[in-house]
Amino acid sequence: MNRLERQIVRDLRQIADRATPSPNRWNSILTRIAAQDPDTETEPEQHLVPVKEIFVSITDSPTSETRNRRRLAMAAAAVVAVVGVAAIAINRMNSDDDVEPAPAVQPTVAPTTTVAPTNVASRREAGVFEGDTLKLTYIVPDGWETRGGPRPYSGVVKGEPAIGVLFVGEAGDTFRTHYCGSGTPSGPVGPTIDDLVSAWTNLPGVDATAARDVTVDGFDAKEIELTVSADNGKDCSGLFYRCSTAQCRNELRGRTNQHLKIWILDVDGERNMILAWSFPDTSQQDRAALDEIVASAQIG
Amino acid sequence: MESMRKIKSAAVRQGPTSALEVLYRAEYTGMVRLAFTLVGSTAEAEEIVQDSFVEISRRIADLGHQPGGYLRAVVVSRCRSALRRRRLMGQHAFRPTDLAPEAESLWDVLEHLTEEQRIAVVLRYYCGCNASEIAAIVDQPAATVRSHLRRALQAMRKEIVA
Numbered sequence: 351m352n353r354l355e356r357q358i359v360r361d362l363r364q365i366a367d368r369a370t371p372s373p374n375r376w377n378s379i380l381t382r383i384a385a386q387d388p389d390t391e392t393e394p395e396q397h398l399v400p401v402k403e404i405f406v407s408i409t410d411s412p413t414s415e416t417r418n419r420r421r422l423a424m425a426a427a428a429v430v431a432v433v434g435v436a437a438i439a440i441n442r443m444n445s446d447d448d449v450e451p452a453p454a455v456q457p458t459v460a461p462t463t464t465v466a467p468t469n470v471a472s473r474r475e476a477g478v479f480e481g482d483t484l485k486l487t488y489i490v491p492d493g494w495e496t497r498g499g500p501r502p503y504s505g506v507v508k509g510e511p512a513i514g515v516l517f518v519g520e521a522g523d524t525f526r527t528h529y530c531g532s533g534t535p536s537g538p539v540g541p542t543i544d545d546l547v548s549a550w551t552n553l554p555g556v557d558a559t560a561a562r563d564v565t566v567d568g569f570d571a572k573e574i575e576l577t578v579s580a581d582n583g584k585d586c587s588g589l590f591y592r593c594s595t596a597q598c599r600n601e602l603r604g605r606t607n608q609h610l611k612i613w614i615l616d617v618d619g620e621r622n623m624i625l626a627w628s629f630p631d632t633s634q635q636d637r638a639a640l641d642e643i644v645a646s647a648q649i650g
Numbered sequence: 255m256e257s258m259r260k261i262k263s264a265a266v267r268q269g270p271t272s273a274l275e276v277l278y279r280a281e282y283t284g285m286v287r288l289a290f291t292l293v294g295s296t297a298e299a300e301e302i303v304q305d306s307f308v309e310i311s312r313r314i315a316d317l318g319h320q321p322g323g324y325l326r327a328v329v330v331s332r333c334r335s336a337l338r339r340r341r342l343m344g345q346h347a348f349r350p351t352d353l354a355p356e357a358e359s360l361w362d363v364l365e366h367l368t369e370e371q372r373i374a375v376v377l378r379y380y381c382g383c384n385a386s387e388i389a390a391i392v393d394q395p396a397a398t399v400r401s402h403l404r405r406a407l408q409a410m411r412k413e414i415v416a
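Line by line, the protein sequences are chains C and A.
Just so we're aligned, residue 351 is where the first sequence starts under the numbering used here, counting upward by one.
Just so we're aligned, residue 255 is where the second sequence starts under the numbering used here, counting upward by one.
The reader is advised that the hints may include incorrect statements.
[What the hints assert, rightly or not] Not everything, but these chain C residues come out facing chain A in the computed CB check (under 10 angstroms):
id: 1; residue: Asp361
id: 2; residue: Leu362
id: 3; residue: Arg363
id: 4; residue: Ile365
id: 5; residue: Ser372
id: 6; residue: Leu380
id: 7; residue: Ile383
id: 8; residue: Gly498
id: 9; residue: Ala638
id: 10; residue: Gly650
I should point out that these hints are in silico values taken from the structure, not numbers from a laboratory.
We treat Cβ as the ideally placed atom computed from N, Cα and C, and that holds for glycine.
Please take these sequences and the hints and turn them into a complete structure.
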């Protein structure tokens with residue numbers, strides 16, 4: 351081994367020593383294994399994160415049967431609300447040929463009538479997101495790839511650059527935002543919904559709408575829309591993200607002109623997010639699919 | 255080798271979950287460090303390694319004497335997918351913090367290697383694998399691996415002040 355090779359060995363060890371593995375992830379692995387669909391084969395060449403698409407029943411929680419029924423009713427109603435919001439956004443986006451951020455929509459409150467969930471013809475199977483305080487299922491349209499799941503994030507993406515929807519929970523960790531290229535997450539975002547809204551809307555290089563109070567599946571939520579307005583990183587096209595751990599896991603990287611709709615839900619004190627993102631050249635069909643995925647989200 | 259015997263023994267006596275736990279205790283930290291040298295983020299490395307454990311969980315009893323080797327191959331494969339996805343999506347790579355200047359230089363060079371070259375370098379100089387062993391892990395001919403290593407070293411020789 352020559353001098354260069356010895357130096358490579360030494361420096362690689364130094365790099366490896368910078369890793370700080372969590373002391374005990376065994377339980378996390380067991381949880382993932384338990385959630386794994388026995389019929390689902392993972393394909394390492396195709397998925398960074400294995401596909402774990404299962405349908406999980408309503409979690410055992412302090413909620414009564416009555417409340418569950420109420421939630422289901424509100425869930426169906428919220429589907430209508432979310433579809434309505436998305437439809438407004440789509441209409442407005444479609445009316446703009448430029449890349450300006452979609453204008454804000456009016457605050458939406460879910461009606462209290464019970465409506466059957468959207469019946470999506472392209473539905474393939476249910477994806478699952480699992481937070482600390484909720485379990486949520488959603489459709490996976492044909493041709494879309496699943497990501498993560500069931501926790502701390504889960505979702506579907508399509509194409510390059512990818513568009514998609516992610517359901518993200520804190521899962522015991524603290525949200526952080528991340529400035530692409532800095533390599534270092536920001537300090538922890540404060541504990542409230544408003545703190546998280548502020549963290550998102552104050553990211554550099556983002557045009558953000560004011561937060562709107564909405565209801566998602568019977569839970570209070572804030573809805574915001576962001577558009578990545580400029581290149582802000584040396585090697586990044588647009589940027590920013592959120593992370594759920596100090597090591598910045600599960601980043602969502604922004605790209606110039608990327609448009610994000612974010613719903614931040616307060617579920618029994620836990621913050622969860624739904625993120626849907628697209629680009630100005632995203633097709634009508636894909637936009638509709640995005641909305642279908644979001645609208646299909648059912649808690650419990 | 256002792257850890258491998260424990261894993262096999264656990265698989266026989268207590269079932270696959272116990273064997274997986276023994277494998278976890280023997281390999282988890284090392285695999286995270288290996289993944290970290292490729293992807294540069296502890297969180298992403300942990301995600302990859304945990305997913306790898308999940309993937310092999312159903313096969314642990316059938317992996318014979320070298321579940322660690324199989325695990326490493328899965329981890330490397332997933333790291334390659336992550337690197338490839340980053341490239342295809344134009345994403346910025348993570349960068350480890352608090353590196354010594356020499357290690358910073360090496361990281362910069364690694365960032366500009368192809369995924370295959372980078373993996374070959376890490377497996378050769380961090381894991382101590384020879385070309386044949388690397389070839390088995392990445393499922394490529396040994397000659398191709400040697401070519402990756404040779405070209406990587408050429409690039410590194412230019413960039414790194416030895």
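Review point. Per the CB criterion, is C:Ile365 less than 10 angstroms away from chain A?
Key: 5 angstroms, holds
Practice item. Identify whether the interface hint at C:Leu380 stands, where standing means a beta carbon of chain A within less than 10 angstroms of its own. Key: With a closest approach of 8 angstroms, the C:Leu380 hint holds.
**Study point:** Minimum beta-carbon distance criterion (10 angstroms), C:Asp361 to chain A
**Key:** OK, holds: C:Asp361 within 10 angstroms of chain A, min 4 angstroms.
Review point. Taking the least C-beta to C-beta distance, is C:Ser372 closer than 10 angstroms to chain A?
Key: Check passed: Cβ of C:Ser372 comes within 6 angstroms of chain A, closer than 10 angstroms.
Exercise for review: Using 10 angstroms as the Cβ threshold, decide whether C:Leu362 counts as touching chain A.
Suggested key: 4 angstroms, holds
Check your understanding: Once the shortest beta carbon distance from C:Arg363 to chain A is found, is it less than 10 angstroms?
Key -> Where the cut-off is 10 angstroms and the nearest Cβ of chain A is about 7 angstroms from C:Arg363, the hint holds.
Check your understanding: Quick one, is the C:Ala638 hint okay against chain A at 10 angstroms, beta carbons?
Key -> 23 angstroms, violated
Practice item. Hold the hint about C:Gly498 up to the distance rule: shortest CB distance to chain A must be less than 10 angstroms. Key: 8 angstroms, holds
Point to revise | Proposed interface contact between C:Ile383 and chain A, which counts if any beta carbon pair is under 10 angstroms | key: Hint holds; C:Ile383 Cβ to chain A Cβ min 5 angstroms, cut 10 angstroms.
Check your understanding: Should the hint that C:Gly650 touches chain A count as held when the rule is a Cβ pair under 10 angstroms?
Key -> Violated, about 25 angstroms.
When held up to the earlier numbered hints, the structure conflicts with 9 and 10 and fits the remainder.
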